[in-house]
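Order-wise, the sequence lines are chains X and F.
Going by this note's numbering, the letters in the first sequence line up with residues 1 to 402, in that order.
Going by this note's numbering, the letters in the second sequence line up with residues 1001 to 1402, in that order.
The set of hints was computed from the structure by calculation and includes no laboratory data.
Nothing here was measured: the structure is a model prediction, and the numbers come from that model.
The beta-carbon is built from N, C-alpha and C at its ideal position, and this holds for glycine as well.
A hint or two may mislead.
[What the hints assert, rightly or not] Covered, in the sense of this in silico footprint (three residues per stretch, anywhere, with C-beta under 8 Å from a C-beta of chain X), are these stretches of chain F: (1) 1113-1121; (2) 1175-1181; (3) 1210-1224; (4) 1375-1383.
2 protein chains.
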Amino acid sequence: MSVELRGVSRRGLLTAGVSGLAGVAVGAPITAAAESNTEPDLRAPFGTDVVPFHGAHQAGIDTPAQAFATFAAFDLLPEVDQGGLIRLMRLWTGNAERLTQGRPALADTDPELARQPARLTITVGVGPGFLAAAGLDDAPSWLRPLPEFGVDRLEETWSGGDLAVQVCSDDPVAISHAMRMLSKDARTFAEVRWVQRGFRHASGSTPAGATPRNLMGQLDGTSNGTPGTPEFDAQVWIRDGPDWLIGGTSLVLRRIRIELEEWDLVSRLGKEETIGRRLTDGAPLTGDDEHDEPDFDAVNDIGFTVIPDWSHIRRARPDDPGQRIFRRSYNYDEGPAPDGHARTGMVFASFQADVDAQFVPIQRRLDELDLLNTYTTPIGSAVFAVLPGCEPGGWLGEALLG
Amino acid sequence: MSVELRGVSRRGLLTAGVSGLAGVAVGAPITAAAESNTEPDLRAPFGTDVVPFHGAHQAGIDTPAQAFATFAAFDLLPEVDQGGLIRLMRLWTGNAERLTQGRPALADTDPELARQPARLTITVGVGPGFLAAAGLDDAPSWLRPLPEFGVDRLEETWSGGDLAVQVCSDDPVAISHAMRMLSKDARTFAEVRWVQRGFRHASGSTPAGATPRNLMGQLDGTSNGTPGTPEFDAQVWIRDGPDWLIGGTSLVLRRIRIELEEWDLVSRLGKEETIGRRLTDGAPLTGDDEHDEPDFDAVNDIGFTVIPDWSHIRRARPDDPGQRIFRRSYNYDEGPAPDGHARTGMVFASFQADVDAQFVPIQRRLDELDLLNTYTTPIGSAVFAVLPGCEPGGWLGEALLG
């Protein structure tokens, strides 16, 4: 096995050049803890950077977030049975392995477009309809639509699905090509239900490891887990559950519209109190630095807590560390409407071992009292069981369908 | 004036860091000829890179193409008169100057989002309706819808407009913020008619100066002008015409759907003969290297020309060098349709001093005989007069409205 290591990339991931990988299977994702906010970027063009495909877990979860993501959900055609699902999953696995490693898909009609994966990852999840079509009733209890929340204004167009794929890369051209290959594979088995395209700051535009800013102007993701730590592993990977899900996780995907017209009317102080952090640098209102621990007990001169009761960081932060979720969200922007109002929001994606034990209690607390609710509206919602990874020769879903 | 030069960036543009520019006006765009395909990328994060705003020409035309572009067209509200147009153009000029230099727009509600322009450029053009609203009849003869071509299947949704803006950056977050500020400015004057969002390979993913690949898999843009050369200047900048357009240019914007289902059925040889170039490296069928001159007279063993009569490069290449256009196009991708078919294409953008003398004859030749027509369908079309640039203290359109 000849893997040419290129050194530490911008975001602290050891990446391997495509050139050294032709036809070679690689091991589990290699995530290095090395991080630096200051060292200059010494990389060659990053188009050929690859993230290993095989391993105990699928890539695209503990992978440092790429700049672009497309999420697509599919509805299975009525005639598709277990045999069809096996064919689809084997096809997808083979092509995901090829494309993420910079090789053309099977019968790729545009093989040159596969040359620059730019850390392409392809991550597959299944919904309740997938298990039903397979004739299985071995679903985790949380694999169902989320309970209704008062803030929700869900649209069918952006919700549900029997099957989903998350395609991420630092180059949007790689995503277009991969999405096209995967949706061609799926055609005889399923219809596309929805597609959500998201972005963050372009790779290399911000210092390594910097928390990205969302379209409300806030640093978003400060208090998130760190892949590779025991806390992250406990938070994200499924250890108890049906056999076919051990090493997998769950994906909660919510399309959250930002009510920018309302948000614009709020003063800077009002915005900072809504969030609980400063807009300039993301420091909690009780601290000096983005990564300072918020002091929820601190009070101001007149006796009110500095971080208000209804602030987002107070409501979102569980007392029980077991309730944490790992967020990997993206911005969306459909461009201004005819009246000039923005049509933007967040493709909120969180991974957690148990939706009911982790995501739901947090969301319930936010639903009860979180001023940010006034400025954001969930318009889509879906839950998927993210399959564990596979080793060379295996395929995604083998433990479920094989 | 203190401009901190950061050295030569990936794409051969001398860029100035935001930090050295606070509140300082800078001169005409500085485009350096320095190009290298091999030297390592030694840049700091590029989010703070700026392209100068002021100069004889607007930026975003001879600027090395950024990775992302959003084009938006506006229809003026019926009550808007010359006074309204002046207010709008002064507002836009002021905010374009600020945002492109990494400073918040006037009354920016999210000033932090302005910090990382990543070579943001904002380029303004006007359509016939703009001149009518201003009560002027001093339009160049080419400022009207293009003549009908046989291949066109134009949709009103993607065509026309009284006013247009092109917003480009290497970071899509910068574009979202700038588009939002500009459309807020425009609200009391105009409605958004259409928005087209495009992308190329991410900045830094491919070697400096490499020709990008489009979503048909071909290298697209090999034979394009070189900014800063006398040929480019003659091709692009208006020297003869109404006074208010001297130093300006014209923008032809065409939304061109790619018929990927048809293209997929073509063999590699068929695709290469359709284009006249090799898919692997973009070399003409008569050459070895992308930048070799095509030999249109070369014949094969059985006496046919190697580059067929109906190939795109033969049809697109004018005999008259005066007919050349400067292309600055982007890909679009709306994600797969429910049936899994791709909804992708090109936001084709070309700049030329005279639409009738340059763009139209090329397009007529392509319309008559160009096999690529079978696989591409223009579904949108618009023509704008791109205003000349302005100096500090001036504003875009001053010579027209002032």
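Query raised in the report: Do three or more residues from the region 1210-1224 of chain F put their C-beta atoms closer than 8 Å to C-beta atoms of chain X?
Result: Contact hint for the region 1210-1224 of chain F vs chain X: holds, 5 residues under 8 Å.
Query raised in the report: Given as covered by chain X, does the region 1375-1383 of chain F meet the bar of three residues or more with CB within less than 8 Å?
Result: violated (count 0)
Query - Annotated coverage of the region 1175-1181 of chain F by chain X, confirmed only when three residues or more have a Cβ within 8 Å - result: holds (count 4)
Report task. Can you take a look at whether the region 1113-1121 of chain F is actually covered by chain X? Rule is 3+ residues, C-beta closer than 8 Å. Result -> The restraint on the region 1113-1121 of chain F holds, since 3 of its residues have a Cβ under 8 Å from chain X and three suffice.
Figure legend: structure checked against the earlier numbered hints; the only hint not met is number 4.
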